[in-house]
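S.K.: Read off the chains here:
There are 2 protein chains.
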Amino acid sequence: MNPTPPQPVEPWRVLGIDPGLQVTGYAVLESRPVGPHVCEAGIIRGRDAGSRSTDVAARVRSLYDGIVEVLDEYRPAVVVVESLFSHYDHPRTAILMAHARGVLLLATAQRGLPVVHYTAPRIKKTVTGHGRASKEQMQHAVMRELRLPRLPEPHDVADALAAALCHYHVGRRSQREGA
Amino acid sequence: MNPTPPQPVEPWRVLGIDPGLQVTGYAVLESRPVGPHVCEAGIIRGRDAGSRSTDVAARVRSLYDGIVEVLDEYRPAVVVVESLFSHYDHPRTAILMAHARGVLLLATAQRGLPVVHYTAPRIKKTVTGHGRASKEQMQHAVMRELRLPRLPEPHDVADALAAALCHYHVGRRSQREGA
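Each protein sequence line maps, in turn, to chains E and P.
Here numbering that gives the first Met the number 0 is used: position 121 in the first sequence is 120, and no number is missing along the way.
Here numbering that gives the first Met the number 0 is used: position 71 in the second sequence is 70, and no number is missing along the way.
Rather than coming from a laboratory, the hints here were simulated on the basis of the structure.
Fair warning: there could be bad hints in the mix.
With the C-beta cut set under 10 Å, the calculated list includes, among others, these residues of chain P facing chain E [as the list claims (entries may be wrong)]:
no., residue
1, S30
2, A108
3, L112
Positions of the beta carbon are idealized from the N, C-alpha and C atoms, including for glycine.
Bound conformation, chain E alone (with noise of 0.2 Å):
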């Protein structure tokens, strides 16, 4: 009998998401011995069927469907998206946003995926050492630390990659401490 061959070691990968009906930011990380790599990090657009800018359904599908093929190509191991309240003050905003939330949590857990959420405060003081950083200072640091060429853009893609940092740093202080 051979001995079983030695299985190939998925890589640990994060996605990170920031959920928008227009515009989606999606980052997706593998855990890499010298650091975070980026493996992918764009946009993913809500298209509309037509003229009417307030088809919320067309622009759903077009999300979940872009998101689909983000997550079946890359498999990543978790999933990061901000938390639900941080938006209170701009509540239209919020709800709107809340649309691609359901849509993108969903095409999750039809994969069995888990979802970490931070708040937004959590994410900017984890990736900028401020609760309260610009999202210049953001995307700064974010490019910093991934070793980007240039700044992320649009926000919505620093976003993303702020999430999928924010969990790839707290990840890796629970692995240190043994949690």
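Once you've looked at the hints, dock chain P against the given chain E.
M.R.: Relative to chain E, chain P alone:
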């Protein structure tokens, strides 16, 4: 050559939905010569996976699976959902509801079904004659008009029936007016 046999006419059905992350009400109305007929009405529970009452991902998944079952069994011609911004006064509820709304709209978009939105006052006015009717008045009006043996309960079912009924009347009115 044989003439083409007469094709069975698909009954014209309206699906009314009252979205909620905990409980989604739904109601399928069929247009019949004697008036609207209730094919089925009930609720879909957003079940979470375990003890975590905030597991939004698990809830949207069970809502999605539930509405897909209803859509594929009854094949409605149109889906009616209350308008987006009727719920500004309760942003927390509205944000949770919008997660449910997102996956329900996704299921309809995946089937190419048109979605019609009415504001809450429009539905109330069409069904009861008063734009500010109470929940109880709505339940009674729906029961009377649909010749139900008892009050539709819980109110999520009554609201879904009312949404479907509203579109049934608006649709008939526009047929009469040739619109």
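S.K.: The structure should be examined with respect to each hint, and the outcome stated for every one.
M.R.: Evaluation of the provided hints:
1. S30: Violated: closest Cβ of chain E sits about 23 Å from S30(P), beyond 10 Å.
2. A108: holds (4 Å)
3. L112: holds (8 Å)
When the structure is compared with the earlier hints, a violation turns up for hint 1 alone.
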